[in-house]
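Colleague: Below are the chains, spelled out letter by letter.
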Amino acid sequence: MKIRHFALPALAASIAALGLSNCNKGGGDAIKVGEFASLTGKEATFGTSSHEGTLLAVEEINAGGGVLGKKIQLLTEDNQSKPGESTNAVNKLISKDGVVAVLGEVASSRSFEAAPVCQDNKIPMISPASTNPSVTEVGDYISRACFTDPFQGAALANFATGELKATKIAMLTDVKSDYSKGLAKFFKEKFLANGGTLVTELDYNGGDKDFKAQLTTIKNGNPQAVFVPGYYTDVALIAIQAKQLGLSVPLFGGDGWESSVLLDIGKEAMNGNYFSTHCAADQGTPKMTAFVDAYKKKFNGKTPDAMAVLGYDSAMLLADAMKRAATTEGPKLRDAIAATKDFEGVSGKFSLNKNRDAVKALVFIKIEDGKFRYTATVNP
Amino acid sequence: MQQTIQQLINGLGLGSIYALIALGYTMVYGVLRFINFAHSDVLMLGAFAAFFLAPMVEKALGPQSVMGAILVIILAAAICACIGMLIEFLAYRPLRKRPKLTVLITAIGVSLFIEFTCQNDAVLGSATRSFPKLLPEKQFTFGNLVIGSTDILVPVVTLLLLGAMWLIVQKTRVGTAMRAVSYNQQAASLMGVPVNRIISFTFGLGSALAAVAGILYSMKAPGIEPLMGVQPGLRAFIAAVVGGIGNLPGAVLGGLLIGILETFAGGIPGLSNYRDAIAFGILILILLFKPAGLLGRATIEKV
Chain E
0 MKIRHFALPA
10 LAASIAALGL
20 SNCNKGGGDA
30 IKVGEFASLT
40 GKEATFGTSS
50 HEGTLLAVEE
60 INAGGGVLGK
70 KIQLLTEDNQ
80 SKPGESTNAV
90 NKLISKDGVV
100 AVLGEVASSR
110 SFEAAPVCQD
120 NKIPMISPAS
130 TNPSVTEVGD
140 YISRACFTDP
150 FQGAALANFA
160 TGELKATKIA
170 MLTDVKSDYS
180 KGLAKFFKEK
190 FLANGGTLVT
200 ELDYNGGDKD
210 FKAQLTTIKN
220 GNPQAVFVPG
230 YYTDVALIAI
240 QAKQLGLSVP
250 LFGGDGWESS
260 VLLDIGKEAM
270 NGNYFSTHCA
280 ADQGTPKMTA
290 FVDAYKKKFN
300 GKTPDAMAVL
310 GYDSAMLLAD
320 AMKRAATTEG
330 PKLRDAIAAT
340 KDFEGVSGKF
350 SLNKNRDAVK
360 ALVFIKIEDG
370 KFRYTATVNP
Chain Z
0 MQQTIQQLIN
10 GLGLGSIYAL
20 IALGYTMVYG
30 VLRFINFAHS
40 DVLMLGAFAA
50 FFLAPMVEKA
60 LGPQSVMGAI
70 LVIILAAAIC
80 ACIGMLIEFL
90 AYRPLRKRPK
100 LTVLITAIGV
110 SLFIEFTCQN
120 DAVLGSATRS
130 FPKLLPEKQF
140 TFGNLVIGST
150 DILVPVVTLL
160 LLGAMWLIVQ
170 KTRVGTAMRA
180 VSYNQQAASL
190 MGVPVNRIIS
200 FTFGLGSALA
210 AVAGILYSMK
220 APGIEPLMGV
230 QPGLRAFIAA
240 VVGGIGNLPG
250 AVLGGLLIGI
260 LETFAGGIPG
270 LSNYRDAIAF
280 GILILILLFK
290 PAGLLGRATI
300 EKV
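Here the protein sequences come in this chain order: E and Z.
Anchor point for the first sequence: position 99 equals 98 in numbering that gives the first Met the number 0, and the numbering is continuous, going up by one each time.
Anchor point for the second sequence: position 244 equals 243 in numbering that gives the first Met the number 0, and the numbering is continuous, going up by one each time.
If you're looking for bench data, these hints aren't it; they were derived computationally from the structure.
Possibly wrong hints are sitting among the right ones.
To be verified - Part of the chain Z face toward chain E, derived, beta carbon under 10 Å:
#, residue
1, Asn9
2, Glu57
3, Gly61
4, Pro135
5, Glu136
6, Tyr216
7, Ser217
8, Phe263
9, Gly265
10, Asn272
Said to hold, decoys possible - If the Cβ cut is set under 8 Å, some of the chain Z residues that face chain E in the computed set are:
#, residue
11, Gln2
12, Gln63
13, Ser64
14, Gly124
15, Ala126
16, Gln138
17, Gln169
18, Thr171
19, Thr175
20, Asn195
21, Lys219
22, Gly266
Just so we're clear, the structure is a prediction, and the values are computed from it rather than from any experiment.
Virtual Cβ for every residue (Gly too), placed ideally from N, Cα, C.
Generate coordinates for the entire structure from the input sequences, incorporating the hints supplied.
Modeller: Shown next as C-alpha cells:
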C-alpha cells in the first residue's frame with residue numbers, strides 16, 4: 000500500500016513532464032494551424048469553398064517539403080454560420096489544440112467576433128475574405144488576404160454611374176450584417192460624390208423570406224438599378240421577388256453574392272445582374288488557370304469560386320510569412336505577415352498596407368444564361 | 000394609391016400564410032389549452048417533405064402539373080399529420096396530468112430538438128436548399144399592379160381550409176367531441192368520448208395545416224432550411240393571440256392583420272427595420288385593452 004502512495008505522485012509528475020516536453024517541441028513534428036469556417040448553415044458555401052482552397056494549399060505546401068522543415072497540420076472548426084460560435088471555435092483552437100496561427104472567416108461579422116480572441120492570445124489571424132474595415136482594426140495580430148469595403152464600395156459606385164449609367168439607385172441593406180452595412184455606407188459616400196441620387200433606402204433582416212414590401216416601394220421610386228449588398232441566400236430570393244413584381248432593372252452587389260447557390264435558388268431571375276468580387280475562374284491569368292485545374296482535379300471537377308481562391312491565398316500567405324520569419328512565434332510571425340510585399344497570389348499580386356489589408360484588384364461579374372461571366376478588372 | 004393597393008396584395012399573401020399557421024396553433028390551444036411551440040418546426044418538416052416528394056411525383060405525373068402539386072401537398076400533409084401525432088404521443092401524452100407549464104416547456108424542448116436534429120448534416124444539414132417549382136407561376140398585371148398566381152392561391156387555400164376546419168369542428172361528430180374535450184376533459188371522458196384519440200386527431204389536423212402552410216411559404220420564397228419556421232411561427236403565434244386564441248376565424252383575422260401591417264411597415268424607409276417591434280407592439284396593445292383577443296370571448300376561469 001505504501002508503495003502505491005509514492006508511485007502515484009511520481010507517475011503524475013512524469014506524465015506532467017512528458018506533457019510539458021511535448022508543448023516545448025511545438026506540437027511534435029507538425030506546425031498546427033487553425034481554421035474556422037461556416038461549413039454548414041446559411042453561408043455554407045463560403046466556408047466550404049474557403050476550406051477547400053485552404054486544404055489544397057496545405058497539401059501543396061506539405062508536398063513541397065512543408066515549412067521550416069515541418070509539415071503543416073490543419074485543424075478545422077465549423078461555426079455553422081451562427082453568431083457566437085466563432086468565439087468558441089477559436090478559443091478551442093488556441094487553448095486546447097495549441098495552434099500557432101488562425102485562418103478564417105469569410106463573413107465579416109464572424110471574423111470580427113473571433114479577432115479579439117486571437118489578438119488577446121497573440122496568435123496571428125488571417126481572414127481570407129472579410130472585407131469590412133473593422134476586422135483588422137481589432138489589433139495588430141489580425142490581417143486579411145482581400146481588399147476592404149471602402150475600395151469595393153467605391154468601385155461599385157463607379158460601376159453604377161459608369162457602366163450601368165445609373166444615377167437614380169435604390170438600396171436594400173441587410174441590417175443584421177456588418178458586411179452589408181459597411182459596404183452600403185462606402186458605396187453611398189462615393190455614389191453621392193459621383194453625383195448620383197439614392198431614391199430609396201430600405202432594410203431587411205438576414206434570413207427574411209418575404210421582400211415584396213420593400214421591393215414594391217423600390218419599384219415605385221423608379222430607380223435605374225438596385226444595389227443589394229447582401230449574402231447570396233437572401234439575394235436570390237430578392238431577385239426572384241423583384242422579377243415577380245415586374246421590377247426589371249438590374250440588381251447589383253458585392254462579393255457576398257459569390258456562391259453557386261445564388262444560381263441554384265435564384266435561377267433565371269439572376270440573369271442580367273452584376274456583382275463585384277475578388278477574382279473570377281475565367282479571368283485567364285496563368286496562376287488562376289493552374290489553380291482551377293488543380294482544384295477541379297481534387298474536388299471532382301468543381302469550379303472554384305473566389306472564396307476558394309482566397310482560402311488558398313491566405314494559407315499560402317501564412318506559409319510564406321513563416322518562412323520569412325523563420326519561426327512560428329506569435330510576435331515575429333505577426334511582423335512577417337504585416338511586411339508582406341508583392342505576394343504572388345492566385346487572386347493577383349498584392350501587398351499588405353499599414354492596416355494589414357491587402358491592396359489588390361477586384362473583378363466584375365455579370366450573370367448570363369445562369370452562369371457567372373468575368374467582365375472587367377478594377378485596379379486599386 | 001397604386002402602391003397602397005400593391006402593398007395590400009403583398010400583405011394579404013403574407014398574412015394568409017400567417018393565418019394558416021395560426022389556425023394550427025389555435026386548434027391545439029382550443030382543445031388542450033397550451034401552445035404547441037413545435038408547430039413551426041412541423042411547418043419546416045412539411046416543406047422538406049415536399050422537397051423530397053416533388054421529384055418523385057414529377058417523374059410519375061410530369062413537371063409542374065396541378066394534380067402533381069395537389070398530390071405533393073396531400074402526401075406532405077399526411078406525413079406531417081403522422082409526425083404531429085407522434086410528437087403528441089411521445090412528448091405530451093405522458094404529461095397529460097401534469098401542470099400546463101410542464102407541457103409548455105416540453106413543447107419548447109421538442110421545438111429545439113427538431114431544429115437542432117435537422118441541422119445535423121446526417122439529417123437535413125443547415126444549408127439553404129432550392130425548393131422545386133410545384134406549379135407554373137404566372138403574374139397578372141393591371142397597369143402598374145402585379146398579382147402573382149401564388150398571391151391568389153395562398154388566400155384562397157387559407158379560406159378553404161378555414162371553412163373546412165369550421166365545418167369539422169362545428170358539424171361533425173369528431174368536432175363535437177373536440178369541443179367537448181375542450182370544454183371539460185374529465186366530463187367528456189365520462190360521457191364516453193375517447194379523449195386521447197380526439198387529442199391525437201387534433202394534433203394530426205393542426206400539423207397537416209402546418210405542412211400546407213410550409214409548402215405555400217416555400218412556393219413564395221423557394222429557399223428552405225431547418226430554421227425557416229421560426230420567424231413565421233412567431234408571427235403566427237402573435238396572430239393567434241391577437242385574433243383571440245382558440246378562435247378559428249380570429250386566427251385568420253389576426254394573421255391577415257399582422258401580415259398586412261408588417262408589409263406596410265416594410266415598405267416605409269426608416270420603419271422597415273421595426274417590423275418585429277410593430278408585431279409585438281400590437282400584441283401588447285391587444286393584451287392591454289382586449290385580453291381575450293379581437294374575436295375571443297372573455298371566459299371566467301373557476302379556480
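Colleague: Next step is simple, just say for each hint if it's right about the structure.
Modeller: Hints versus structure:
1. A cut of 10 Å between beta carbons decides the hint on Asn9 (chain Z): the least distance to chain E is about 4 Å, and the hint holds.
2. Annotation: interface hint on Glu57 (chain Z) violated; nearest CB of chain E at approximately 16 Å, more than 10 Å.
3. A hinted interface residue such as Gly61 (chain Z) counts as satisfied when its beta carbon comes closer than 10 Å to some beta carbon of chain E; here the least separation is about 19 Å, so the hint is violated.
4. Because the beta carbon of Pro135 (chain Z) sits about 13 Å from the nearest beta carbon in chain E, more than 10 Å, this interface hint is broken.
5. For Glu136 (chain Z), the suggested interface contact is upheld, since its CB lies about 7 Å from the closest CB of chain E, less than 10 Å.
6. The criterion of a C-beta within 10 Å of any C-beta in chain E is met by Tyr216 (chain Z), whose closest approach is roughly 7 Å, and the hint holds.
7. For Ser217 (chain Z), the interface hint holds, the least distance from its beta-carbon to any beta-carbon of chain E being 9 Å, beneath 10 Å.
8. The closest approach between the C-beta of Phe263 (chain Z) and any C-beta of chain E is roughly 7 Å, which is under the 10 Å cut-off, so the hint is satisfied.
9. With 10 Å as the threshold, the beta carbon of Gly265 (chain Z) comes within range of chain E, its nearest partner Cβ sitting at about 3 Å, so the hint holds.
10. About 4 Å separates the beta-carbon of Asn272 (chain Z) from the nearest beta-carbon of chain E, less than 10 Å, and the hint is met.
11. Proximity of Gln2 (chain Z) to chain E holds as hinted, the smallest CB-CB distance being about 5 Å (cut-off 8 Å).
12. Hint status for Gln63 (chain Z) relative to chain E: violated, with the closest Cβ pair at about 14 Å, above 8 Å.
13. Interface hint at Ser64 (chain Z): violated, since its Cβ lies 19 Å from the closest Cβ of chain E, which is beyond the 8 Å cut-off.
14. Interface hint at Gly124 (chain Z): satisfied, since its Cβ lies 6 Å from the closest Cβ of chain E, which is below the 8 Å cut-off.
15. Taking 8 Å as the C-beta cut-off, the interface hint given for Ala126 (chain Z) holds, the closest approach to chain E being about 4 Å.
16. Contact between Gln138 (chain Z) and chain E, as hinted, is supported at the beta carbon level, the nearest pair being about 6 Å apart and thus within 8 Å.
17. Evaluation of the Gln169 (chain Z) hint against chain E yields a violated restraint, the C-beta minimum of about 33 Å exceeding 8 Å.
18. The closest approach between the C-beta of Thr171 (chain Z) and any C-beta of chain E is roughly 35 Å, which is over the 8 Å cut-off, so the hint fails.
19. A hinted interface residue such as Thr175 (chain Z) counts as satisfied when its beta carbon comes closer than 8 Å to some beta carbon of chain E; here the least separation is about 38 Å, so the hint is violated.
20. About 37 Å separates the beta-carbon of Asn195 (chain Z) from the nearest beta-carbon of chain E, more than 8 Å, and the hint is not met.
21. For Lys219 (chain Z), the suggested interface contact is upheld, since its CB lies about 7 Å from the closest CB of chain E, less than 8 Å.
22. The interface hint given for Gly266 (chain Z) holds, since its Cβ lies 4 Å from the closest Cβ of chain E, which is under the 8 Å cut-off.
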